[in-house]
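Chains as they are written, first to last, in the numbering used here: chain P, 1 to 236; chain U, 1 to 255.
To be clear, the hints were calculated from the coordinates, so they are not data collected in a lab.
Mixed in with the good hints there might be a few duds.
What the hints assert, rightly or not - Dumping the calculated DSSO-like pairs for lysine-lysine here, alpha-carbon to alpha-carbon at most 30 Å: (1) P:158 / U:92; (2) P:150 / U:125; (3) U:111 / P:150.
What the hints assert, rightly or not - Quick list of the computed label-pair ranges, beta carbon to beta carbon: (4) P:227 / U:244: 58 to 64 Å; (5) U:121 / P:228: 28 to 34 Å; (6) U:150 / P:18: 55 to 61 Å.
Virtual Cβ for every residue (Gly too), placed ideally from N, Cα, C.
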Amino acid sequence: MGNFEVKWEAFTRAFVDYGGYKMVLEGLQNTIIIAVLGLIIGIFIGIIIASVEVMPKYRVIPRILDKICQVYVAFFRGTPLVVQLLVGYYVIRPLLGLSISALGSCIIIYGMNSGAYVSEIMRGGINSVDPGQMEGGRSVGMSYLTTMVKIVIPQAVKNILPTLGNEFIALIKDTSIVSFVGANDLYVAFKYIGTNNYEFMVPYLVMALIYIVLVLIITVMIKFTERRLNRSDRRH
Amino acid sequence: MIDVIDLHKSFGDNEVLKGINITINQGDKVVVIGPSGSGKSTFLRCLNCMEDATSGKIMYHGVDITDMSVDINVHRQKMGMVFQHFNLFNNKTVIENIMLSPVLVAKKANKKLKRAERKSVREIKAQKREEALALLKRIGLEDKADAYPSQLSGGQKQRVAIVRSLAMNPDVILFDEPTSALDPEMVGEVLDVMKELAEDGMTMVVVTHEMGFAREVGNRILFMDDGKILEEGAPEEIFESPQNPRLKDFLSKVL
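Using the sequences and the accompanying hints, generate a full structural model.
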């Protein structure tokens, strides 16, 4: 294991003395920013798509909206995230003449991608709410939209919170490919550290550990909120 | 007040209502009885377009509310409904359940006023809260104002549901088997609230299996079977001297 000690020393030198930790911190920060903002955008888009999907379709406009949502979901679920990143950053962004940073583009694309998945979760959540809740709202003269926003969606969100936590974990893990469009994340940071003396064993090991710890922390947080929500359910 | 003209309703190939004609007047207490599957709940749910009629008209204050271009929400605000399974909003407290729609309606009306006459949202909420509390007091549940529906018993939930529809100052309240999902000892408290409403002159249409209530409170009894109204009359006529053989058969089973 003498060899490993040498490698470890090389790593700590690059990590501490050459400022590698700054890049790691920046990468960690970017990972969390992309995952958090991506999930927020995703929930927003997901709620809209799910609401369109469960809308009664007597009229033309809901039917058209439904078709648009179907195409959207099919695209984002049917192509790899890397492809979406590349197309978004190198095709759509220049075509529309947008001047968004790599990080900003990642946030938007992760959000849109996550929206497609959250919409499926959300639809399940809305369907899990007793139809009587909608009838109750309509019976006192509230519109479909008002009842949806004030009564059904809050209950649906509560039901799917644990599943949304899993989506958040998936997003955290998916951020490991943002270097494809030049954004800095943990992978970029540890590659930089390893490149100092071409020793990659320790850096990538530490990278894996950081991801695992991050995911474990989030899992514990989800469990905690789950338990708190269950407690508020037993209010008899 | 409500004119039902040749109302038909089908679910797929299954024709549930086969031509209903009836006029409900101000102050009427119409009680609909009949065997299960006779279409009485569907009839009631068609009255406020909770189910869309397949054909026929429902005239409410002279407007055909089955017409898709009519804003049904405006009419439902004056047409309360009480459900078998209460349908209280689970994510709202009791008082919020009652206030929610009245506040929204008041806010909307407020926007149409001239600027100088407008009230603040806080004033509207305070006023509606007070009205809601007064209603809760009437049913003796003011101490449950900040409880959630999950903390109430079935009877309490149904009384809150009645008050929720009452808070809109409706012209008529539709009751869809309001006591069917209750434990027997809670039926009385709900029926008492309904009797009180009837005494106050509220127009009511009640689908129920409580024959005692039908007899005592109803001024018109409708007997439905197989999607049609087979017999209609005052409680004495229906219960003392039924004409239709199927009504006789039904009464012999339930009385």
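Against which earlier hints does the structure fall short, listed by number upward?
Hints that this structure does not satisfy do not exist here, as all of them hold.
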